[in-house]
Each structure stands twice: as structure tokens, then as C-alpha cells.
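Novice: Here's the letter readout for the chains.
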Amino acid sequence: NAGVTQTPKFQVLKTGQSMTLQCAQDMNHEYMSWYRQDPGMGLRLIHYSVGAGITDQGEVPNGYNVSRSTTEDFPLRLLSAAPSQTSVYFCASSSSGTSAYNEQFFGPGTRLTVL
Amino acid sequence: QQQVKQSPQSLIVQKGGIPIINCAYENTAFDYFPWYQQFPGKGPALLIAIRPDVSEKKEGRFTISFNKSAKQFSLHIMDSQPGDSATYFCAASIQGAQKLVFGQGTRLTINP
Numbered sequence: 001n002a003g004v005t006q007t008p009k010f011q012v013l014k015t016g017q018s019m020t021l022q023c024a025q026d027m028n029h030e031y032m033s034w035y036r037q038d039p040g041m042g043l044r045l046i047h048y049s050v051g052a053g054i055t056d057q058g059e060v061p062n063g064y065n066v067s068r069s070t071t072e073d074f075p076l077r078l079l080s081a082a083p084s085q086t087s088v089y090f091c092a093s094s095s096s097g098t099s100a101y102n103e104q105f106f107g108p109g110t111r112l113t114v115l
Numbered sequence: 001q002q003q004v005k006q007s008p009q010s011l012i013v014q015k016g017g018i019p020i021i022n023c024a025y026e027n028t029a030f031d032y033f034p035w036y037q038q039f040p041g042k043g044p045a046l047l048i049a050i051r052p053d054v055s056e057k058k059e060g061r062f063t064i065s066f067n068k069s070a071k072q073f074s075l076h077i078m079d080s081q082p083g084d085s086a087t088y089f090c091a092a093s094i095q096g097a098q099k100l101v102f103g104q105g106t107r108l109t110i111n112p
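Top line first, the protein sequences correspond to chains B and S. At position 89 of the first sequence the residue is numbered 89 (this note's numbering), and the sequence of numbers has no breaks. At position 75 of the second sequence the residue is numbered 75 (this note's numbering), and the sequence of numbers has no breaks.
Looking at chain B on its own, in the form it has when it is part of the complex (with noise of 0.2 Å):
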């Protein structure tokens, strides 16, 4: 198993560009997320979904937006590049399972750069 896999690892934009980044997943996973890790604020929540076609807003939403469509896929889309997204972007999977306490596993990570 490749367990979750990102593209790209790094890209540079400039302000007012759209992009999307990739995430997916070969553990036949319900829940996915993305989450942004900027220096001395740890990971912060942005979008998450229960499910295929099923998402909801995390801690920072704000500037992006999500889609799932498979089980297996969950982009996340950046629709006007700001220099106050300029971060590295994780996405998780993690199976609901009979535990709702299962572990989260994280991709590679995409360090994306807005200028």
C-alpha cells in the first residue's frame, strides 16, 4: 500500500493564481482531511470529510475548498492565491472502523509557496 499520497511536494504561485492540490488514498478510508502546519502553530484544521460527497469546514477554512467525490480522493483547492496561505499542507486518512478512536495517517506533505 502506498497509504496517502500527495502531489505536488512543493509549488510556487503567484497572488491571484488558482491550483489544486492532490491527496488521495489506497486504505479504503471514510475520513479524510488537509490541515496546514505553519512555524510555532502547529496543524491547523481546514476541510474534512466523513465520506465520499460528504465534507464539512475546519479551524481555517477560509481561501479554500474541498470536494469528494471517491472514497479514495479528496483535493483541495486554492481559488485566489494569497501570500497568507504560503504553507505545507498535509492531507490525513483515517478508517471510522468500529473505533472512532483510529489512527490518523498522515501523506508527505506539499510546501506550497504564494508570492
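It is possible that some hints are incorrect.
Claimed, not checked - Here are the simulated lysine to aspartate or glutamate pairs, DMTMM-like style, with alpha carbons at most 20 Å apart:
| hint | chain 1 | residue 1 | chain 2 | residue 2 |
| --- | --- | --- | --- | --- |
| 1 | S | Lys99 | B | Glu72 |
| 2 | S | Lys99 | B | Glu103 |
| 3 | S | Lys99 | B | Asp56 |
Stated by the list, open to error - Here chain S is said to cover these stretches of chain B; the calculated rule only asks that three of the stretch's residues, wherever they fall, bring their Cβ under 8 Å from a Cβ of chain S:
| hint | region |
| --- | --- |
| 4 | 36-45 |
| 5 | 106-114 |
Stated by the list, open to error - Here are the computed distance ranges between Cβ atoms for each label pair:
| hint | chain 1 | residue 1 | chain 2 | residue 2 | range |
| --- | --- | --- | --- | --- | --- |
| 6 | B | Phe10 | S | Ser55 | 35 to 45 Å |
| 7 | B | Gln22 | S | Asn111 | 34 to 44 Å |
| 8 | S | Asp53 | B | Gly16 | 42 to 52 Å |
These are calculated hints, taken from the structure and not from any lab test. It should be emphasised that the depicted structure is a prediction, and the values quoted were computed from it without experimental measurement. C-beta: ideal position from N, C-alpha, C; glycine also.
Using the hints, position chain S against chain B.
Specialist: Quick look at chain S alone, frame taken from chain B:
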């Protein structure tokens, strides 16, 4: 507003020492407290987790101590090794492992 506060920001310990990282939370509805380990250029990986019905959990050299009345929990690393050098995050969530709220992170360095 930081719901989970972590300290210290950075920590340097000699090999064999016992680094201790502390976290405090406000929301008494939190019922799952994991610790994540992150190496440079990698995503966080679950290290150990505890639920508030126990006061301590040990897995190998890693121990979580939990004080429900003080709303604090801490990570202890016994016989620390240079390979333990990483950034450590505490986190908390309500009713499961999803929607984690993370602390600010601690950069741990273990000197040989």
C-alpha cells in the same frame, strides 16, 4: 485561540536523558490525546495516544502522563537517543481521532 498549549518550543537533551514535553488544554470535552512525531520533510506520524480514563500509558521508551483535573498531559522519552531528534506535537479531539486540535510543537534535539 490556541485550545491546546504546548511547551517548551524547543528542547536540547543529552543522550540517555529524559526529555519531557508538556501540553495543557481547555476544553473538557476532549477525550482523545495523541502525540505525533515529525521528522524534517515528512508528515507527522502517530507515536502514542491516551484517553482520559487512564493516568499513564507506556509504549516502549515513550510514556504519556495524564492529569485530568489539571487538564494537562505530558510525553516522557526514556533513555533518549539521537534518532529521537524530531518535532513532537500533542493533539486533542472530541469523540474520536478525527478533527485533531494540535499544540504548537516542540523541536527536540538529542545530543550524542
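Novice: Please list, smallest to largest, the hint numbers that this structure does not respect.
Specialist: Violated hints: none at all, because every hint is consistent with the structure.
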